[in-house]
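Undergrad: Protein chains in written order, with this note's numbering: chain S, 1 to 308; chain A, 1 to 272.
Heads up, a few of these hints could be off.
[To be verified] No more than 27 Å apart at the CA atoms, straight line, and that leaves these computed lysine-lysine pairs for DSS-like:
# : chain 1 : residue 1 : chain 2 : residue 2
1 : S       : K200      : S       : K210
2 : S       : K38       : S       : K68
3 : S       : K200      : A       : K255
4 : S       : K120      : A       : K53
5 : S       : K120      : S       : K68
[To be verified] Label-pair ranges, simulated between beta-carbon atoms:
# : chain 1 : residue 1 : chain 2 : residue 2 : range
6 : S       : W122      : A       : V24       : 15 to 25 Å
7 : S       : W122      : A       : A264      : 34 to 44 Å
8 : A       : A33       : S       : G81       : 51 to 61 Å
9 : A       : A33       : S       : E257      : 29 to 39 Å
Hint data in this document are derived by calculation from the structure and do not stem from the laboratory. Just so you know, these numbers come straight off a predicted model, no measurement behind them. No residue lacks a Cβ here, since even glycine has one placed at the ideal position from N, Cα and C.
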Amino acid sequence: MTRSTKIRSQSNKRWIVTAVPYLWMLVFFLVPFFIVLKISFSSSMIAQPPYVPVFDPFGDPWSETLEKLGTLTSDNYLRLGQDSIYVSSYLSSLWIAGSSTVMMLFLAYPIAYGMARAPKSWRATLVMLVILPFWTSFLIRVYAWISILSEEGLLNTLLTSLGLIDEPIQILSTNTAVYIGILYSYLPFMVLPLYSALEKMDDSLIEAAKDLGCTNIQAFWRVTFPLSIPGIIAGCFLVFIPAVGEFVIPDLLGGSETIMIGKTMWEEFFNNRDWPAASGVAIVLLIVLMIPIIIFQTSQARQQEAGR
Amino acid sequence: MRRFSLFNAVSLTLGFAFLYLPIVLLVIYSFNAGRSVAVWGGWSTQWYGSVFKNGQLLDAAWITLQVGFLSASVATVLGTMAALALARHGRFVGRTVFSGMVYAPLVMPEVITGLSMLLLFVSINIDRGFWTIVLAHITFTMCFVAVVVQSRLASFDRSIEEAALDLGCTPFMTFFRITLPLILPAVISGWLLAFTLSLDDFVIASFTTGPGATTLPMKIYSDVRLGVKPEINAVCSMMIAVVTVIVIISSIMTKRQEVERERAERMAATTP
C-alpha cells in the first residue's frame, strides 16, 4: 500500500478519536447550558425537582409540549433587573474581581520577573514551588487564612504582642479578607503566564536597548514590558473570569458586607431552593463573562497555532 | 547576561513567603496540643489520632479517592483523544466549537458548571450520588488533560510518526508504539492534575452529589462552617503531604525524561 492510500484509510477510522471526546463534551458541557436556559424560564414550586415542569420535545407528546410552553415565564429575568440584590451582586463581583486582578498584576510581576532572571538551574524548581500550592486544595488554602485573620487569630495575636494595636482588628468577614483570599489563591495563575512570557525573551534585545543609550528602567518599559503583554493578558483572564463567579472565598472569608454573584446564586439554589432563579442568575453571569471568555479562547488558540 | 539583582531576590523571597507561610502555619498548628489555632500549647499528635477515629472523615476520604481515581483515569483517555484531535486532525467540521468546549471549562466559574451538570442529571432522571460526581469530574478535568497533552504534541517531531506509517505500521500501532511513549510524561502529569483537581473540588461535587455521597472537601467545608478545629488542620496537613509527594514524583519523572531526551538527541547528532 502506498503512503497516500494509507493516509486515506487512516482518515476513515480516525474520526473516532475526535468523535468520542466531541460527543462527551456536547452531552456533558454544551447541552447542560441549554437545559439551564430552559429552566431559567420556569417558575419554582414545591415539588421534586422544585420547578414547574418544562417542555421536553423528546419525551412528551406534542399537545403537552405546547401546553408546557405556555407556562414559561420571564419573571426570573425581570426580578434580576428589579431586585437590587442581584444588580449589586453582579457589580460588586465585577469590581472585586477586576480590582484584585490589577493588584495581582503588581504582586505577581516582580515574582515572575525574579524567576525569569534567576540562574537557569533554579528555574525548574522555582516553577514547581509556584505550582505546588496550586495543587493543594483550594479549600485548604482558604481555610489556612481563617486561622490567621480571625479576631483571636495569629495576625491579631502577633500585632497585639508587638504593641502595634491595642485590641484585635476585624479582618475576617470583611472585603479585605476576600481580597487577600483571591490574591493568595489565584497567584500562580498570574505568575506562570507572566513567567513563560518573560523567560523566553531574547536577552540581546535588552543589551541592544542599553547599547543604544537606554537606562535599565527605560529598557524595562520599552522592551521587557511590551514583550510580556501576551503573558499579562493570559494571566489577567485566568484570574478575572473565575474570580467573578467565586463562591468559596466570599463565603468563608467574607462577611455580610460581601455580596458576590457566586454566593447569591449558591444561596438561591441551596438555601431558597429556587432553581429557576439560580438558573437565571447563571445565564446572566454567563452572558456577562462571554466576552472575556471569547477573548481568552481566541488568544489561547492563536498561541497554540503559533506553537506548532 | 541576565543579572539577578537584589530587587529580584527580595521579590522572590517575599513572594514565596506569602505563598508558603499560611500553609506552613496550618501544618504547624495541626501539632498543637491545645484546641486553639492561635495559642501554642505544646507539641502533640493527638489530632492525627482523632482523625483516624473519625468514621465520617475516613468514609469521605475513601469516597474522594475512588472518585478521583476513576474520573482521572477516564478523563486522561478522553483528554488525550481531544488533544490528538486538536493537534493532529487539522481542520474538521465543528473544530471551533470543539476547541471552545475544551478551553471554556478551564475558566468557567465552578458554580455555573456545577448547576448545569446537576440540571442535566435531573432532566435525564438518573440517581444522583457517587456516579454523577464521577461524570461531572471527568468532564471538567479532561479539559486540563487535553491542554497539558496538546502542548506536548505541539512540540514533537512528526516525521517519526510518518516514518512508522511508511514502514507499515497501522495508525493504531503507530500511536501505541511511537506517539504514546513520547507523550507519556505529559499523559501522566495530565492524570495527576486531573486526580488532584478531583480531590480538590468542592463546588461541582456539592451540586452533583446525592444522598450518601459526601466527599472530603464537602465534609471539611461543613466542619469549617462550624468553626476552626485542629482536627481539620490535621486532615489538611495529610492531604498536603499526599499532594506534595505526588508533585515531587511527577517533576522528578519529567526531569529524568528531559535528560534522556537530550542525551538521545545529542547521540543522534553525533552519529554520522
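Undergrad: Of the hints stated earlier, which fail here?
TA: 4, 5, 7
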